[in-house]
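Protein chains in written order, with the working numbering: chain A, 1 to 279; chain B, 1 to 251.
Keep in mind the hints are simulated off the structure, nothing from the lab. Each residue gets a CB set at the ideal place from its N, CA and C atoms; glycine is no exception. A portion of the hints provided could be inaccurate.
What the hints assert, rightly or not - Restraint-style ranges between C-beta atoms, simulated for each label pair:
id, chain 1, residue 1, chain 2, residue 2, range
1, B, D128, A, A47, 51 to 61 Å
2, A, A222, B, K63, 22 to 32 Å
3, B, P100, A, D85, 44 to 54 Å
4, A, R2, B, E136, 30 to 40 Å
5, A, L181, B, P175, 31 to 41 Å
6, B, D128, A, G131, 39 to 49 Å
7, B, F59, A, A191, 39 to 49 Å
8, B, A179, A, A260, 47 to 57 Å
9, B, R248, A, G131, 36 to 46 Å
10, A, A227, B, P175, 33 to 43 Å
11, A, G99, B, P175, 41 to 51 Å
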Amino acid sequence: MRRTAGIGFKPAHFEEAIACPAAGLWFEVHAENYMVAGGPRLAMLEALRAERPLSLHGVGLSIAGAERIDRTHLERLSRLVDRVDPFMVSEHLAWSRIGQFHLPDLLPIPRTTEALHCIVRNIDETQETLGRRILIENPSHYAPLPGHEWDEPAFLSEVARRAGCGLLIDVNNVWVSANNLGYSPQRYIDALPWRAIEEIHIAGHRPDAVLGDALLIDSHDAPVAEAVWNLLERLISIVGDVPVLLERDGKIPPFSELLAERNRAATCLADCREFAHAY
Amino acid sequence: MHTDLASFQREFAAAILSGAESEFDRWPGFAVYRNNSTIAAIEALAGAYPTVHKILGEFGFRKMASNFFQTSPPESAVLAEYGARVVELPDLRVLSARFPYLADIARIDRMLIEAHLAHDPIAVAGLDAAQIVSAEWAQIAAVFHPATRFRWFATPASLVWLSLRQNAIENLAPPPRGASGILFTRPFGAVGAIGIDRVEYLLLEGFAQGQSVADAAIHAANVQPQADIGAAFKRLLDSGAIHYFEKREMR
């Protein structure tokens, strides 16, 4: 089955998700929600996997940590990968672990050559353990950290080149970060190493309660903004037909609403394919 | 300017956890990282302690959870497992005047999540009760389903917990008194909870300690001479707490 546009899976939508006849529909879950010993969560995931292609999206490997990957965490991820055989495994260009503690967020780094070495080492260990390539996602930024030696598209390109991984580009993250740090999202998209991009994310954002539009929050609790749809079309016109995922983690609407939004992304991909065949 | 990635990350993490003004606060956006981490931890704890959350209310729970996060951040990215030490918080004894045994209620919430996440049972060629003749029970051990959790409390925490799972907190007046026990099982996928009496608890405890079914029953009968041991045993069988029986050489 050709995988077109997918939806971030929510257990409340299980019945509708497995019954949905949409062509090309696939689902993605946060791996850490299912890295458990057993029980109904895993049973639900396996039932979903039996019906639809599944992607695992990690939020806790701390790929951009100065420390090496937590082996216990990686081995649990590896067991889940073996169990559900996802078509894609992805993680973030972010860190969250410090010593024995895990801070439950995707934290930023100064993009230095030292950080690049740590990241490549950690991706290498992950891919070696999982026995497969992974994708790395661009993060959302809220603060202009000092000390960057690389711009982000060039950094991602070098990570992909050195580690042999692919890239997952979240166009909502691009929009939010460009707004917050003051650069052109279009120029960022154009500078990406398009051959390495194998998945795209879209999601909603909201303005900060105090600072308003000066600080956008990657909240995943709203429909995708028009500006992000435009950015998606621009990216698809460059990279072509790669799977697109709609993420929604807050104020979850009925499945039918998510499906309608997902169908718009599927139409973008179909338009891209049609355009490609015109040559 | 940080000299290396490790120092930058140590200081960034310390700034998130301390909550105090730091060099990173010169950027308004830094608060987003602090808020995201704190909110994710609070939501994880609310998922793990739904009954404590109900008793304390949104404001009280968030305050307790936020303090807990700053002193005991998660040790794993699998947040469903976060917060085992909440039950040890000295604050829990004073946070609820109406339920001074809130720590026991928190322990029951914890048992629920443990039952939910436990291993699935492996398929084994064990015995079921119908295959065992009376004379054999002295050589028969009960093997629990991996999700089975049970406990006896000196407080009415189990009764309160079971009531609160079904009703609004206002409906629980007056709160019950006395000791109480609870049993979680997951025989067919979903987790179920039932209140257990002292005899049922003694049987389960005996099985858990490796006693034969007969020895556990004799001990329970000695402690509670008036009890109907057979009825208690049947109720435990029906609950799905026992995965299978096996014949062992008993001491």
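Of the hints given before, which are not true for this structure?
1, 4, 5 and 10
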